[in-house]
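Enquirer: Sequence:
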Amino acid sequence: MKNLFYILFATSMAMMFVACGTTKKQAKQSDAGVAYTLSFEQRRKYDYYFLEAVRMKEKGQYDAAYELYKHCLDIYPSSGAALYEISQFYMYLGQEEKGEQALKQAVRSDESNFWYKQTLASYYEQKMNLPKAIAVYENMAEQFPARLEPLMSLVDLYNRTKSYQNVIYTLNRLEELDGKSEQISMEKFRMYLLMGKQDSAFVEIENLSKEYPYDLRYQTILGDVYLNNDKPDEALAVYQRILKEEPDYAPAVLSMASYYQKTGQDSLYQLQLDTILMNDDVASDTKMELMRQCILQSEQTTKDSMQIVSLFWRILERPQQNADLAMLCAQYMITKNMKKESVPVLEQVLSLDPENKPARLQLLSYAIQDNELDEVVRIAKSALEYHPEALEFYYYLGVAYYQKEELDEALDVFTRGVKQVNEKSDKGVVSDFYAILGDIYHQKGRAAEAYAAYDSSLVYNPDNIGTLNNYAYYLSIEKKNLDKAEEMSYRTVKAEPDNDTYLDTYAWILFEKGRYTEARIYIEQALRNGGEKSRVIMEHCGDIYYMLGEKDKALEYWKKADAMEKVEEGETPPTEQEIKRLKQKIRLKKYVE
4 MKNLFYILFA
14 TSMAMMFVAC
24 GTTKKQAKQS
34 DAGVAYTLSF
44 EQRRKYDYYF
54 LEAVRMKEKG
64 QYDAAYELYK
74 HCLDIYPSSG
84 AALYEISQFY
94 MYLGQEEKGE
104 QALKQAVRSD
114 ESNFWYKQTL
124 ASYYEQKMNL
134 PKAIAVYENM
144 AEQFPARLEP
154 LMSLVDLYNR
164 TKSYQNVIYT
174 LNRLEELDGK
184 SEQISMEKFR
194 MYLLMGKQDS
204 AFVEIENLSK
214 EYPYDLRYQT
224 ILGDVYLNND
234 KPDEALAVYQ
244 RILKEEPDYA
254 PAVLSMASYY
264 QKTGQDSLYQ
274 LQLDTILMND
284 DVASDTKMEL
294 MRQCILQSEQ
304 TTKDSMQIVS
314 LFWRILERPQ
324 QNADLAMLCA
334 QYMITKNMKK
344 ESVPVLEQVL
354 SLDPENKPAR
364 LQLLSYAIQD
374 NELDEVVRIA
384 KSALEYHPEA
394 LEFYYYLGVA
404 YYQKEELDEA
414 LDVFTRGVKQ
424 VNEKSDKGVV
434 SDFYAILGDI
444 YHQKGRAAEA
454 YAAYDSSLVY
464 NPDNIGTLNN
474 YAYYLSIEKK
484 NLDKAEEMSY
494 RTVKAEPDND
504 TYLDTYAWIL
514 FEKGRYTEAR
524 IYIEQALRNG
534 GEKSRVIMEH
544 CGDIYYMLGE
554 KDKALEYWKK
564 ADAMEKVEEG
574 ETPPTEQEIK
584 RLKQKIRLKK
594 YVE
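Using this note's numbering, read the sequence shown as starting at 4 and increasing by one per residue.
If you're looking for bench data, these hints aren't it; they were derived computationally from the structure.
Among the hints, a few may not be true.
No more than 27 Å apart at the CA atoms, straight line, and that leaves these computed lysine-lysine pairs for DSSO-like [unchecked claim]:
1. Lys73 x Lys62
2. Lys562 x Lys593
3. Lys516 x Lys430
4. Lys554 x Lys516
5. Lys360 x Lys339
6. Lys360 x Lys342
7. Lys427 x Lys407
8. Lys586 x Lys562
9. Lys483 x Lys497
10. Lys536 x Lys497
11. Lys384 x Lys360
12. Lys536 x Lys592
13. Lys536 x Lys586
14. Lys339 x Lys306
15. Lys384 x Lys430
16. Lys516 x Lys583
17. Lys497 x Lys554
18. Lys343 x Lys360
19. Lys447 x Lys427
20. Lys483 x Lys516
21. Lys586 x Lys556
22. Lys165 x Lys101
23. Lys586 x Lys554
24. Lys536 x Lys407
25. Lys407 x Lys384
26. Lys130 x Lys101
27. Lys516 x Lys563
28. Lys430 x Lys497
29. Lys183 x Lys234
30. Lys592 x Lys482
31. Lys265 x Lys247
32. Lys482 x Lys556
33. Lys430 x Lys447
Generate coordinates for the entire structure from the input sequences, incorporating the hints supplied.
Expert: In structure tokens, the structure reads:
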């Protein structure tokens, strides 16, 4: 009893694994003939090796699986399942001739298996052997008359081989199976036109509209087909019939506008546009499609953007179903560099759709470009009410407060912002968050927290040049970890060798380490790259010259630094203590620590 139970179990499991061997779709992939062809012992061995092959394949041990499948074929050479699996190995190994042969054998061993034939036909398609692919699909269509897939593949292949009559024949077979549809009718219409059979083409669309007499969409399609194929009178008759039955049917109203346009009746075309665009009952999607057409036509002809904008203004004065048209208007204005004009439209977008993130970001970008910090604060604060998870709004709001020197507010925003960080957050943005947090902490005299923030910044982006520079500079000022500061600063100079700020930081670290000759090389490079505009760089230059014994030159640079009323943009204004120290250097004509 135990052996019999094992045999029944192994046989059923083998059939299940065969069915799942390649894909879930191959549910009928089995060796039905095994039970009748093999002896009891051969069947037991076949089942065992096949199960092991499937197990090895699922574990990714393909060499072992391949050998086991081959062993299955030694036992049962006409096994469709084993032949199919072996064919896939041959294909993967680039032995396509062997793969094709095995696949064809699998098909011959089990003519009723849909998926073997599907794979063979797909292989022929891939090899661009379209006649053989067509032959296999035709066989499948005959053998599996209820399946749509072979017929759909045949439509594509007959199209590619320009066998238009066969396309129509196959589409007719699809219609018998799946019923008449717009897609099939339009494809048959196209085929008839390619064959020069205009009458048959129009009959096909007429039959579609007759099939669905109460569906005005198909009636409209018939009119559009007439219009697009130089039959304007027939098109007009169809549109008039539809509009008599349903005067506000938007697709027909839109098609009627196309009719007036194509027949050169411009005044009626404009009137028809107004009928659609100023009608509050017409769907927003219809108006959107029409406005896109108007924009396209304008770009191809007059390029009169003011005419399009004027039309948008008239539409947006009316009640809106949603924010789509206002957003389309704003996008059009942006492409036309109409920044000022787009602002009220973007505001209208937000009044209709407060959660529209792109509109807020666009308004925010304008405020940033114009350096309107109060406006940046207003927009970003409002944005966070609707997008509390969006890091970019915390970032711009925090930066605005920082630039306004409202450090407590900036610190609060950045602290709240980093709480929104998750595994999906942009690492570069998060790194910048911590970088500015570090700057704020340092300005507030909280050095330990500043360095911790800088460390976090470098965890998210080890190459954050701004963080590396500021971290290194503040360490040098405090004369801490100068080796670490030098290493970080050198990376910034290597990354941007013409950046006067980074050159100055590196020079100052070398100064603090007593390497004055090297410091002079880098401070002079900083001067050549715009450093003469920086009060800090000029003072550092004087300090370095003094330590090199060039006291007159040092005094010259200290005086130049002292004469600067404004600091360079982005440079922190000097403290009262720093101003006092510089004046002391000038008065004493010596370096003051």
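Enquirer: Does each hint fit the structure? Answer for all of them.
Expert: For each hint, the structure was consulted:
{"no.": "1", "hint": "Lys73 x Lys62", "verdict": "18 Å, holds"}
{"no.": "2", "hint": "Lys562 x Lys593", "verdict": "12 Å, holds"}
{"no.": "3", "hint": "Lys516 x Lys430", "verdict": "34 Å, violated"}
{"no.": "4", "hint": "Lys554 x Lys516", "verdict": "20 Å, holds"}
{"no.": "5", "hint": "Lys360 x Lys339", "verdict": "21 Å, holds"}
{"no.": "6", "hint": "Lys360 x Lys342", "verdict": "18 Å, holds"}
{"no.": "7", "hint": "Lys427 x Lys407", "verdict": "31 Å, violated"}
{"no.": "8", "hint": "Lys586 x Lys562", "verdict": "8 Å, holds"}
{"no.": "9", "hint": "Lys483 x Lys497", "verdict": "22 Å, holds"}
{"no.": "10", "hint": "Lys536 x Lys497", "verdict": "22 Å, holds"}
{"no.": "11", "hint": "Lys384 x Lys360", "verdict": "13 Å, holds"}
{"no.": "12", "hint": "Lys536 x Lys592", "verdict": "22 Å, holds"}
{"no.": "13", "hint": "Lys536 x Lys586", "verdict": "19 Å, holds"}
{"no.": "14", "hint": "Lys339 x Lys306", "verdict": "11 Å, holds"}
{"no.": "15", "hint": "Lys384 x Lys430", "verdict": "23 Å, holds"}
{"no.": "16", "hint": "Lys516 x Lys583", "verdict": "25 Å, holds"}
{"no.": "17", "hint": "Lys497 x Lys554", "verdict": "31 Å, violated"}
{"no.": "18", "hint": "Lys343 x Lys360", "verdict": "19 Å, holds"}
{"no.": "19", "hint": "Lys447 x Lys427", "verdict": "31 Å, violated"}
{"no.": "20", "hint": "Lys483 x Lys516", "verdict": "11 Å, holds"}
{"no.": "21", "hint": "Lys586 x Lys556", "verdict": "16 Å, holds"}
{"no.": "22", "hint": "Lys165 x Lys101", "verdict": "32 Å, violated"}
{"no.": "23", "hint": "Lys586 x Lys554", "verdict": "15 Å, holds"}
{"no.": "24", "hint": "Lys536 x Lys407", "verdict": "23 Å, holds"}
{"no.": "25", "hint": "Lys407 x Lys384", "verdict": "15 Å, holds"}
{"no.": "26", "hint": "Lys130 x Lys101", "verdict": "15 Å, holds"}
{"no.": "27", "hint": "Lys516 x Lys563", "verdict": "25 Å, holds"}
{"no.": "28", "hint": "Lys430 x Lys497", "verdict": "22 Å, holds"}
{"no.": "29", "hint": "Lys183 x Lys234", "verdict": "24 Å, holds"}
{"no.": "30", "hint": "Lys592 x Lys482", "verdict": "24 Å, holds"}
{"no.": "31", "hint": "Lys265 x Lys247", "verdict": "22 Å, holds"}
{"no.": "32", "hint": "Lys482 x Lys556", "verdict": "26 Å, holds"}
{"no.": "33", "hint": "Lys430 x Lys447", "verdict": "26 Å, holds"}
Hint violations for this structure: numbers 3, 7, 17, 19, 22, all remaining hints satisfied.
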